[in-house]
Amino acid sequence: MAFDSSLMPDLEVTSALPNRWEGTVLLDGNRSVPFLAYREGQQVYVWISGESYVFTPASPTNARSSRTDQSASDEIICPVPGVVIAIQVAVGDMVEAGQELVVIESMKTEQIIKSPRDGTIERVSVQEGDRVDRGMRLVVLTSVAETE
Amino acid sequence: MNVFSKVLVANRGEIAVRVVQTLQAMGIATAVVYSDPDSNAPHVALADEAFALGGSTVEETYLDRRKIVDLALRCGAEAVHPGYGFLSENPGFCKDCIEAGLVFIGPRPETIALLGDKIRSKETAVQAGVPLVPSSPVWQPGESNLDNLSSGIGFPLLVKASAGGGGRGMRVVERVQDLEQALESANREAASAFGDGRVFLERYIPTARHVEFQILADSEGNTIHLFERECSVQRRYQKVIEETPSQALNDDLRKRMASAAVAMAESAAYTNAGTVEFLVDALTGEYFFLEMNARIQVEHPITEETVKLDMVELQTRIAAGENVRLSQENIRPVGHALECRVYAEDPYANFTPSTGRLLAWRPPSGMGIRLDSGVTEGQEVTTYYDSMLAKLVSWGPDREESIGRMLGALKSFPVLGVTTNIPFLLQALVHPDFVSGKYDTGFIDKNSGLTSSLSVSQLSGVATGIADRIWQSNGNSSVSRRGAPVQTLQSPWQGLPKSTFP
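As given, the protein sequences belong to chains Y and A, one line each in that order. The first sequence lines up with residues 1 to 148 when you count with the numbering used here. The second sequence lines up with residues 1001 to 1502 when you count with the numbering used here.
Each statement offered as a hint is correct.
With a straight-line Cα cutoff of 25 Å, these simulated DMTMM-like cross-link-like pairs (lysine to aspartate or glutamate) come out:
| no. | chain 1 | residue 1 | chain 2 | residue 2 |
| --- | --- | --- | --- | --- |
| 1 | A | K1438 | A | D1398 |
| 2 | A | K1308 | A | E1400 |
| 3 | A | K1411 | A | E1377 |
| 4 | Y | K114 | A | D1445 |
| 5 | A | K1308 | A | E1329 |
| 6 | A | K1446 | A | E1286 |
| 7 | A | K1095 | A | E1266 |
| 8 | Y | K114 | A | E1184 |
| 9 | A | K1438 | A | D1281 |
| 10 | A | K1255 | A | D1281 |
| 11 | A | K1095 | A | E1110 |
| 12 | Y | K114 | Y | E96 |
| 13 | A | K1411 | Y | D10 |
| 14 | Y | K114 | A | D1178 |
| 15 | A | K1308 | A | D1218 |
| 16 | A | K1411 | Y | D28 |
| 17 | A | K1411 | Y | E12 |
| 18 | A | K1446 | Y | E100 |
| 19 | A | K1411 | A | D1398 |
| 20 | A | K1308 | A | E1220 |
| 21 | A | K1308 | A | E1277 |
| 22 | A | K1006 | A | D1036 |
| 23 | A | K1411 | Y | E40 |
| 24 | A | K1438 | A | E1286 |
| 25 | A | K1122 | A | E1202 |
| 26 | A | K1255 | A | D1218 |
| 27 | A | K1411 | Y | E22 |
| 28 | A | K1067 | A | E1099 |
| 29 | A | K1411 | A | E1380 |
| 30 | A | K1122 | A | E1110 |
| 31 | Y | K114 | A | E1180 |
| 32 | A | K1006 | A | E1304 |
| 33 | A | K1446 | A | E1400 |
| 34 | Y | K114 | A | D1386 |
| 35 | A | K1446 | A | E1202 |
| 36 | Y | K114 | A | E1174 |
Please keep in mind that the hints were generated in silico from the structure rather than gathered at the bench. Values in this document were obtained by computation on a predicted structure and should not be read as measured data.
In isolation and in its complexed conformation, chain Y is listed as follows (with noise of 0.2 Å):
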């Protein structure tokens, strides 16, 4: 997001510790809101009039990653924390678009991880009772240029 000057807000700041803010801040020159501010680590989380927002410093990883084309992604990543209970696919099989790969199972509760195109699966990266965290690389899929 492009950051314009005009935004900079009009802060009231009613209590502050260093990775701490809170207060009020004054919107369209009359209607003022509460906000929270935490600084934790490399994020800042900001909750404003009912709203929550995280942000992270932009580098180039980060803003690759977000916008990666989802269809096209040969990687296939876990989306929530929880223990692998079923892979339903081996290497070499051939996948299609939504085809089961792998069952997590996370606070109760099955997500099944499903294929996003037809492919080819190249690597298996966890293993049946795995406790997987979100972000982690569960399956490979041989990329489309290869497969052409």
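Given the structure of chain Y, go ahead and fit chain A onto it with the hints provided.
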């Protein structure tokens, strides 16, 4: 008065806190148990005594019957309150308590066993003259003649777990070719969640509304109802928003369903607090028995707020054998109550559970607002437990006012560090279908706008400005030159490919 001198609460989270609060108000000493990840949890801080169960997984902690009964005996408790979930509907645990000389605050073990088995509980409903949704016998793993199993039900249909609850082990299946995979998956989920993998098929009613009746029965068999709760706003078959009275019932239907609920409880020889769940077909006005839950229900506060009774107190007095003088004529609900479940989940990424440390947790307050919470600021939200953090309840003299109070409370409820469904709740409550009261269990699925990413509001620019200021104030020079100081991620999940979800 022969109420107990000490009660052990065999649960965690908001329900453990809520039960301890009532017991303390009754002058009863309280003991709780906790797992390693819960050592700093609010129920531990609140109770008079707290005992470590040792371990992190639910199997070695809140589901360990022996450890819990031993601790109850050792601390001198006379009774055990199981809350909901965990061991609350485990007839073996109920029996263990009774055999150890402890009072189990709930129904008898035979009743729990009867109602916990969906097949036997349906036979009980039939005996009580309560209508059922058409269903199949239990599926035998390996059984290939699925046409036979699904005949007389038709598609779409539901795959359900015999021992299930809370939507676990449940699937909607649209086509016969998807049935086998759904049966296998549901069987696996049920086996892992309940230790019982039996599943069966049931007619799926597309415009179904979920309406349940609260039952109270004393040890003499006097059975009354405390009116209904509507729980049709669901995601993945788990309730998100509940209200009472239901907008789906007129006085006549309400009366007939209430009588059916009482008949069901009497047919099961029910004692203590229980809930009879029904599906109401919004098109035909038919109602069908779903199940009877032999425990206190998550959404019991909305009943408490309208009938002005403390359900945990009544549960405790009934279990102690007190004559609570239940009388239907004295139950007169007042006004309207609403409950929103605050989940640690990302509503814009298929309600994926989220974890992390609750940097900020500032519950709202005000006229008609109640928060039943199981977490505190600074607490770690882990994957070990259900993702429900708290229940926000509003009461108002009418529906419009309770919705208004709820909206105000949700808007002044700062939570940072863990993604929650609060933005979703705010949008759902102002959706025309919810406002008009004409919604069914397909509300969330039918209105995909509720779960597609929020449009950028005026506030996002302001939030960006605040983030940049706190970032720079902290000894950091601006992370880059003016123009792009920080990158906005409305949700930490945004970089993940959503197309991998079903």
